[in-house]
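Here's the letter readout for the chains.
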Amino acid sequence: MTLPFLLTLIAILICCSFITGKSRALTKSQRVGGARYLNSLPFYYGLLAAFWCAIPCLLFILIWSTFDEIIIRHIVISNLPETMRNIAKGEMTLLLNVVINIAAGLREVSGEPEHIRDSVAHLLALRSNSNMAMTVIALCLCVYAIAITWVKINPELRARKKVENIFKLFLLLCSCIAILTTVGIVASVVFESIQFFQKVPVTEFLFGLHWSPQVAIRADQIGGSGAFGAVPLFVGTLLISVIAMIVAIPAGLMSAIYLSEYASRRVRGVVKPLLEILAGIPTVVYGFFAALTVAPIIRENVEWLGGSWVFELMGLSVEVSSESALAAGLVMGVMIIPFISSLSDDVINAVPQSLRDGALGLGSTHSETIRRVVIPAALPGIVGGILLAVSRAIGETMIVVMAAGLTANLTANPLESVTTVTVQIVTMLVGDQEFDSAKTLSAFALGLMLFLVTLVLNIYSLHVVKKYREQYE
Amino acid sequence: MNNVSSKSINTSTSQQTNMIDRINLNLKKRYRAERRFKFYGLISICFALLCLVVLFTDIIGKGHTAFFQTYIALEVVLDADVLDIQNIDNPKQLSEANYQGVIRHSLRAVFPDVTGRNEKRKLYALVSSGASYHLADQVRADPSLVGQTIQLSVLADDDVDTWLKSRRNNGSEAFTGRLNSQQLDWLGNLFEANRLEQKFNIIFFTNGDSREPELAGIRGAIMGSLFTIMVTFLLSFTVGISTAIYLEEYAPKNRITDFIEININNLAAVPSIIFGLLGLAIFIGVFGMQRSVPLLGGIVLSLMTLPTIIISSRAAIKSVPPSIREAALGMGASKMQVILHHVLPLAMPGMLTGTIIGLAQALGETAPLLMIGMVAFVVDVPGALTDPSTALPVQIFLWSDSPERAFVERTSAAIMVLLALLISMNSLAVWLRKRLERRW
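Chains A and B, in that order, are what the protein sequence lines are. To convert, note that position 67 of the first sequence is 67 in this note's numbering; the numbers rise steadily by one, no gaps. If you count the second sequence from 1, you need to add 1000 to reach this note's numbering.
I should point out that these hints are in silico values taken from the structure, not numbers from a laboratory. One should not assume that every hint holds.
Chain B is faced by these chain A residues, among others (derived, beta-carbon under 10 Å) [as the list claims (entries may be wrong)]:
#1 Met254
#2 Leu275
#3 Thr293
Nothing here was measured: the structure is a model prediction, and the numbers come from that model. A virtual CB, placed ideally from N, CA and C, is assigned to each residue, including glycine.
Please build the complete structure, drawing on both the sequences and the hints.
Here it is, written out as structure tokens:
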């Protein structure tokens, strides 16, 4: 029986259950003197009955269909001939894929060896058995629930209270998804990272100066040593973030000050939505803009300046890479302007008006009030906002993937190509990959670093902002 | 003694006058500083807005040409012999007929002096390899066309398209790309004979991805995005609203509640790529879900947008005045009835606004989708939640890597479509907020 058909059948049974519950409540209430002697409205008896029917059955189907394929594959593997069971893990996955593809009809069965044909037959048999078992058990559960309903519904049953408890439990479970997500994130990066650190020592990863993750497939390959020193990545990330912040902090802060202190209502009404548009532009669009418009402009201009004495004096190379850190950093800065602006705007608006009035009353000008009174008062909040923005810049992916390079240079020159943590994660994990090679695992180690750094920044800045808000509330 | 005191008074008055002078002297400087400060603020805003304008003009300037596509007008003789159709009622023959051949014949008819094998190949390269599909569709719809001569607009190759567009734009130096001088001569002839025409680029909206720019479209990506967003909406709306209700209406003030809140606030600031790692390691690695499908993409994106939706839904629930709850409780409603019958309907506009903004965010997100393999080259338009597909932002990312100039304009056009979608979603949210939200 196919799943959609089964689900339709179950839906019908749930409806039956609802009707049974409701009508049972009404009939039983006749004996005690009519519907008004019911504990709850008849609707709630129906609802409770429907829940009794639906929850165990659907939960069962969910669990069964999540784990049946995994168990079936285990059984298929364990039934392979003795010689085949001891092959390497990678080959086993391949073999299993062949079996599954044949079973799905994507591949011809003819020409395959005996044990594969047996496995396919075995797999198909197990699948149909499992499907049959699931259908029967699920339907039995439904019917059993209806029988229970028939017996258990009576006027004294506090149906509304029970329905409310189920409702509350559902809400609580939904709230726990946030916790589960965090746990999932931690688990996904930590387990792979532990595997990675068994292959590469932690100290080499954290302090090594050389990053070239290409691991040789054969031992005699050239240049396939595989070095996992992540310092160039950290420096590259930092460089791009610093450039972004140099653009974003002054521009964002000053526009927030102007909007909250100087601008008229009408100007605010126009400018704020426009800034929101800037904030709502997807990062992939910024990346495209950085790679195809900003980077060529920077290269042309610097090459044009290149002959001048400034560069010779500073000893900088005039070689501009087409994927410079500068382009990515500038565009990322523009992306972050509205972020800083809106956070600082909130914070500045929270400064009590009495502070401003006091300063103005003492004869300071508007700008002096802002610089000497409002900004110092709002500073903790602003710093919190800036830290959030830094965490955003560090974790930003698409702009750097498209506009920064892939080669891990250890440099502070913004005109050279650098790579970042996020770029490396993307390049390692996009496309086909083996799950247990050091190269793939290193992406998870980088993810762990990224998660830890942004976590610390986020928690600290959220704490600062919260403290600050409480101060003036 | 007296003398000394009078002297000191004297100096103090002179100091006072000095002070006022100094203040007055400083005043100009301070006013200048004031104006300067205000000017900085203005400059910052102008800079931000200028960036917005430059970004939009750049994208639109690059992308608007992609909405038109070059066709070559040819008289095509649908010769049954060339087509290799003996019986027009046989659908197999109709679908396998040599449509490319007739198009090539008609090209040769325009340039009769092209003879060499190499030259011929160059001539055929002016027409897109997908041109024959269109003709095939036409003939299959109306088999009686076989044997007739029809006027046909044949889809041109992307090089021809780029050449014509760059020629139109500045007249002087047209971008030639891979075209050689002989091909340019032919194109010049075609252009003077008014055989090159530009039509609305319907292919861009009806096709899936393709290696040939002139055949590449965003339909597949848009459908993929649509499926993904649908899953995201269903999951994040239900879970987000439930969480918000629990935290606002039920949650006791204890450690667990605090922990949930910290988690939500922190998840809102976790980099999106980390959610991709979660999808890869947990959903694909542990649960064995299929890669590159909208179902998985939707789940990952909904985990990412949940915090946004929860935070705005909580604000919406908070804004419902307690008197409403008390009135309902006073009438004998249970807690659930209060929430479902009164609080939720009143908070719904605010919740919807937050959800739409969260979905707009999810629609533009790329990085987590790259992690779970929604970056494959998919030609077919996905038709279900479990078909391999890409999403619109991922398509933009993929195309932006392609070297052909025709892909640059298509990337920009896809960006225009994406931005139009996002801006209309955000406007809808603003409209909803203005229209439906109640002030108490």
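### Query
How about A:Met254: closest beta carbon in chain B under 10 Å, or not?
holds, 4 Å
### Task
With a cut-off of 10 Å on the beta carbons, see whether A:Thr293 makes it to chain B.
holds, 5 Å
### Query
Does A:Leu275 pass the interface hint, meaning its C-beta sits closer than 10 Å to a C-beta of chain B?
Hint holds; A:Leu275 Cβ to chain B Cβ min 6 Å, cut 10 Å.
No hint from the list above goes unmet by this structure.
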